[in-house]
Amino acid sequence: MANRIEVRFSGSGGQGIILSGVILAEAAAIYDNKNAVQSQSYGPEARGGASKAEVIISDGDIDYPKATNIDILLALTQVACDKYTPDLKEGGVLIVDSQEVLAIPEGNFRAYSIPIFRLAQEKVGKRIVANIIALGALVGLTGVVSRKALEEAVLSRVPRGTEDLNLTALRAGFEEAERLQRAEA
Amino acid sequence: MKAATTSETAEREARRNRIRLMQGNEACAEGALAAGCRFFAGYPITPSSEIGEYLALHLPRVGGNFIQMEDEIASMAAIIGASLAGVKSMTATSGPGFSLKQENLGFACIAEIPCVVVNVMRGGPSTGLPTGPSQGDFMQARWGTHGDHPIVVLAPYSVREVFTETIRAFNLSESFRTPVILLMDEVLAHMREKVILPEPAECPAVDRLRPTGPPEAYLPYASDRDVSPLAPFGSGYRFHVTGLYHDETGFPTGSPAKIRQQMERLMGKMERGAGQIQRFELTGAVSGGSDPVDTLVVAYGSTARAAKHAVGEARQSKRSVALFRPVTLWPFPEAAIRQVSGSVRRVVVPEMSLGQLAGEVQKCIPPKAELRRVNRVDGIPIAPEEILDAIVA
Numbered sequence: 001m002a003n004r005i006e007v008r009f010s011g012s013g014g015q016g017i018i019l020s021g022v023i024l025a026e027a028a029a030i031y032d033n034k035n036a037v038q039s040q041s042y043g044p045e046a047r048g049g050a051s052k053a054e055v056i057i058s059d060g061d062i063d064y065p066k067a068t069n070i071d072i073l074l075a076l077t078q079v080a081c082d083k084y085t086p087d088l089k090e091g092g093v094l095i096v097d098s099q100e101v102l103a104i105p106e107g108n109f110r111a112y113s114i115p116i117f118r119l120a121q122e123k124v125g126k127r128i129v130a131n132i133i134a135l136g137a138l139v140g141l142t143g144v145v146s147r148k149a150l151e152e153a154v155l156s157r158v159p160r161g162t163e164d165l166n167l168t169a170l171r172a173g174f175e176e177a178e179r180l181q182r183a184e185a
Numbered sequence: 001m002k003a004a005t006t007s008e009t010a011e012r013e014a015r016r017n018r019i020r021l022m023q024g025n026e027a028c029a030e031g032a033l034a035a036g037c038r039f040f041a042g043y044p045i046t047p048s049s050e051i052g053e054y055l056a057l058h059l060p061r062v063g064g065n066f067i068q069m070e071d072e073i074a075s076m077a078a079i080i081g082a083s084l085a086g087v088k089s090m091t092a093t094s095g096p097g098f099s100l101k102q103e104n105l106g107f108a109c110i111a112e113i114p115c116v117v118v119n120v121m122r123g124g125p126s127t128g129l130p131t132g133p134s135q136g137d138f139m140q141a142r143w144g145t146h147g148d149h150p151i152v153v154l155a156p157y158s159v160r161e162v163f164t165e166t167i168r169a170f171n172l173s174e175s176f177r178t179p180v181i182l183l184m185d186e187v188l189a190h191m192r193e194k195v196i197l198p199e200p201a202e203c204p205a206v207d208r209l210r211p212t213g214p215p216e217a218y219l220p221y222a223s224d225r226d227v228s229p230l231a232p233f234g235s236g237y238r239f240h241v242t243g244l245y246h247d248e249t250g251f252p253t254g255s256p257a258k259i260r261q262q263m264e265r266l267m268g269k270m271e272r273g274a275g276q277i278q279r280f281e282l283t284g285a286v287s288g289g290s291d292p293v294d295t296l297v298v299a300y301g302s303t304a305r306a307a308k309h310a311v312g313e314a315r316q317s318k319r320s321v322a323l324f325r326p327v328t329l330w331p332f333p334e335a336a337i338r339q340v341s342g343s344v345r346r347v348v349v350p351e352m353s354l355g356q357l358a359g360e361v362q363k364c365i366p367p368k369a370e371l372r373r374v375n376r377v378d379g380i381p382i383a384p385e386e387i388l389d390a391i392v393a
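Same order as they appear, the protein sequences are chains H and E.
Going left to right, the first sequence walks through residues 1 to 185 as this note's numbering numbers them.
Going left to right, the second sequence walks through residues 1 to 393 as this note's numbering numbers them.
Since the hints were made in silico from the structure, they are not lab data.
Be aware that one or more of the hints could be misleading.
Short, incomplete list of chain E residues facing chain H, as computed with Cβ under 7 Å [to be verified]:
#, residue
1, R192
2, A306
3, A335
Just so it is clear, CB atoms sit at the ideal spot from N, CA and C, and this is done for glycine as well.
Please put together the full structure from these sequences, using the hints given.
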């Protein structure tokens, strides 16, 4: 249970929630040489239903593969934000999309509202890379895996021919995290 | 010295290639390939579909075949046929499909045809809860098909163990000429976990015995041994295969003496092989040791991961608790549970079903021991806290 970090990605089906979880887990397990488990839950719909992915990262063994006391929560819909924020631990990190999530629940955590979908459209020209921007912002803000590991994991997972597109998205996420951290300082 | 460096590099490279973030279903398919499976027939069903999907891609690359059949009944029939032709075969499904396979599964049991059937459990009965986890097929895996019959059921709890137990499933099916059920749940099937796959030499594949004597003297169901060699169809050894009670030659018989002899052998081969088939893991204190167990937790599959977490926490607060995790569910490890539960005060049985495992555990524990059930059938996996509550409350 040493250094157990719990991350939950949440939103709706089709937003790339589960792929985000897989990429983060691969970054931790393969490129940062830690232990990682990724699990998911989803509805029977191909698109539009609730979607949730969880990643547990640890230096030691991971027995229970599900998150119960969350360190980092990404919510790409208001419904997901309202539903899962109570599972955030004190001092945890909440990241939401600023267009989709208008009301951030009260609580003892750090909340970041980021225009993830707008950045995807403006900086990459494709809304579909929103999950990669979110990953970049999440890792930039929390350091849960190294940036290099995340970059390698993204490159090994995305379809051939989309590498540049995804790297642009990832860097847009990193930059947004840096901007927010400068504003905080 | 340059050669050594190159080989070291190659070794490091090989090891790195064995480190993967792998999904449970993918590990099952990889395990099947490593065991020598060269035929898969199936019909896609959540949460098992990735097994067939993976094998559809990879079987042809190793000279194997994949067929998507019209339904689960035909899939089961197809793997029986392929196995009779001498090819290691597998199908994968979930509850509703597993129900459909039962008749042909019984045929494979009585005709003693090696094959592996994967059932990734989801909520049931009927179409139930397709994307939610369950352990509700514990009894169906044992008694789903009618009549007294032998069966082996294995239930891994980690992605790495899915890989190794799939290989063991094939090996046991080949050694004992029996269908083997690999029972998984949705959490394990869809979970991705860091694994370092064992080297092939660590999990050698076992092949069925084949006849070597003159074809006219071949007995596919000889009564003087538990397991007879099985000749692949087309190899010159002609024999009869039927679901009817049959004698040593495979032809139907109505002779009570011959039926009794064959059925006793059929059931007996499992009893006599139990030591080889049964695998379990005991974590924590052992009965009779310096630290007698006060509370025993019995859990399998993904629920055992929550149980392990709970037992770890309970032991940190100086509770005398142990976890018994059966990997082989059937034949049920009665003797082992009887031994470790000899002096326990309480037994906690968490399961994603309403007491199927608990009922079996109840038969093995002292009457004075208190049995506590922790059950969920709502598609939510049991959390460590729920088990911890049952341990300490």
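Hints, verified against the model:
1. R192: holds, 4 Å
2. A306: holds, 5 Å
3. A335: violated, 27 Å
The structure does not agree with numbered hint 3 stated previously, though it agrees with all others.
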